[in-house]
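*Asks:* These are the residues of each chain, in order.
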Amino acid sequence: MKQDYEWYNAQLHNHTCHSDGRASVAKTIDLLRERGAQVLALTDHNAASGNEEFLKCCAERGVIGIRGNEISTYFGHVVGLGLEEYVDWRYMRPDDPESIFDLIHERGGLCGYAHPIRIGYPLVPGCSWLFRIHDYSRIDYYEILNTGDYLRSRNDMVIEEWIGKLREGLLHLGAVSALDYHGRPWHGHEYVTWLALPHRMENPEKSAMEAIRRQNMIVCKDRLIELNLVGSDGKEYIPGERVPDGPVRLRVRAEGDALPARPVYHADDADSRREIRPDVPFEAKGFAVVRLFDGQADFDHLVAITNPFHFGGRREQ
Amino acid sequence: MRSTLFKTNGVFYRDTYYAHVSFLVEVRAAYRAIEISFRYDPLFCESADERQREEMRQALAEQIYRTDEPFVTECMDRAYPIKNGITVAVRGPEQWLGEHHAYTGHEELVLGERPSPGFFAVPNREGQYEFVLHVFGIYTPECRYSLEIVGVNEE
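Protein chains in written order, with this note's numbering: chain U, 1 to 317; chain B, 1 to 155.
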């Protein structure tokens, strides 16, 4: 997938009146569209009842809709993109979250690790992740920037955990942002997941889910900033793609004043994290996750973060 | 015509959390609508005692690794009033019908071909229904609930 794609603004974790969201399905879509969303997932807590109306409303508004729901148990939440049924979650055990992951996959869905480090009981029952994961290969993506309860979350630690898992060889793990939208006013800490989708899509919902699975994503603080890599073959690669071994260069594209005034770029690979500069060659081992900061290279100044570029052999699935 | 299919009430006590109770009800007609009236009271716990605050402090430290002030105290102060959380899910004779995951204290839900949000639009059948109360957390000394199920058909 070279230039045969375009970037779509996606919000992959949203609630309506079918669970504890404040707004109807139609109103929720309209509110998110006002914010620029072009791809939306419906992820009501333990409810798939809104999916039919949601897909219809999305189609009427020219938005790509992804059906789903968020299996919200006492021991943590799992987003099931593509999941169309109600799941009886009562007997799920803290030592067996894999049963949830397998169920979602059996239905052709994608498993999202929702708000991995967030406050739970007694402040917010069920929201803290208490499951003991034995097999991370059965998760498809992390919500590295779930900003629904951002003050009581540790997205800074989640990002590092996700990169740590990549370093362990779990290279299939994608990373998305999540508004965890319930219809509340915006607080200014929100991010956008930008998906690279083909120009022609026979089944846009399926294409969007495939882009997530393939990690063709970059998470940005609102406006799109492309952080691509130019390989030793001179071709430009987007996140999720396999790049030929050898030195690479960062290629940055942003419209208007989307780029921060004092951009600082970092790359994480299998061994380390270091500062890089656009168009200055560097080498990466195993994978590369590129981050853009505004001035200071810390979580509070994070502007954009890519999904991994892959080097050196087959990508873990 | 309205027929009461099931009616119960009970009480959950403070510190009940991550529990559920379900009621199996035989429904002996295919009602156009099945109405569920579920209430619990009080909805809010207005303030914390020292033990609850200490549990919150511990949760902030263990779950999100925050022990710094004034963050911890502000977090605890802002948590109140805190809601008692109970949600309703329903399994029908042939499939799960859904759940309304929201802590409202008062739910008037409808099952059938024009259901309430959270529930699939399917005709009601005769057979065994299971009405599940998911108890996410009770913060008040007592929380009394009532559940009434009514079948509705045209005269």
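Check each hint, because a few of them may be wrong.
[Said to hold, decoys possible] Only some residues are given here: those of chain B computed to face chain U with a beta carbon under 7 Å:
(1) Phe6
(2) Tyr18
(3) Ile64
(4) Asp68
(5) Phe120
[To be verified] Per the computed footprint, the stretches of chain U lying under chain B, defined by three or more beta-carbons under 8 Å from a beta-carbon of chain B, are:
(6) 46-60
(7) 191-198
[Claimed, not checked] What follows is a list of derived Cβ distance ranges for each label pair:
(8) B:Ser146 <-> U:His199: 54 to 64 Å
(9) U:Leu31 <-> B:Arg125: 34 to 44 Å
(10) B:Arg57 <-> U:Gly234: 53 to 63 Å
(11) U:Asp149 <-> B:Glu148: 32 to 42 Å
(12) U:Ser272 <-> B:Ala121: 49 to 59 Å
(13) U:Ser137 <-> B:Ala121: 46 to 56 Å
(14) U:Tyr5 <-> B:Pro81: 25 to 35 Å
Hints in this document: simulated from the structure, not taken from any laboratory. From the three backbone atoms N, C-alpha and C, an ideal C-beta is built for every residue, glycine too.
*Asks:* Each hint: holds or not?
*Replies:* To see whether the hints hold, each was checked on the structure:
| no. | hint | in the structure |
| --- | --- | --- |
| 1 | Phe6 | violated (20 Å) |
| 2 | Tyr18 | holds (4 Å) |
| 3 | Ile64 | holds (5 Å) |
| 4 | Asp68 | violated (13 Å) |
| 5 | Phe120 | holds (5 Å) |
| 6 | 46-60 | holds (count 5) |
| 7 | 191-198 | violated (count 0) |
| 8 | B:Ser146 <-> U:His199: 54 to 64 Å | holds (57 Å) |
| 9 | U:Leu31 <-> B:Arg125: 34 to 44 Å | holds (37 Å) |
| 10 | B:Arg57 <-> U:Gly234: 53 to 63 Å | holds (57 Å) |
| 11 | U:Asp149 <-> B:Glu148: 32 to 42 Å | holds (34 Å) |
| 12 | U:Ser272 <-> B:Ala121: 49 to 59 Å | holds (55 Å) |
| 13 | U:Ser137 <-> B:Ala121: 46 to 56 Å | violated (37 Å) |
| 14 | U:Tyr5 <-> B:Pro81: 25 to 35 Å | violated (49 Å) |
Consistency note: the structure conflicts with the earlier hints numbered 1, 4, 7, 13 and 14.
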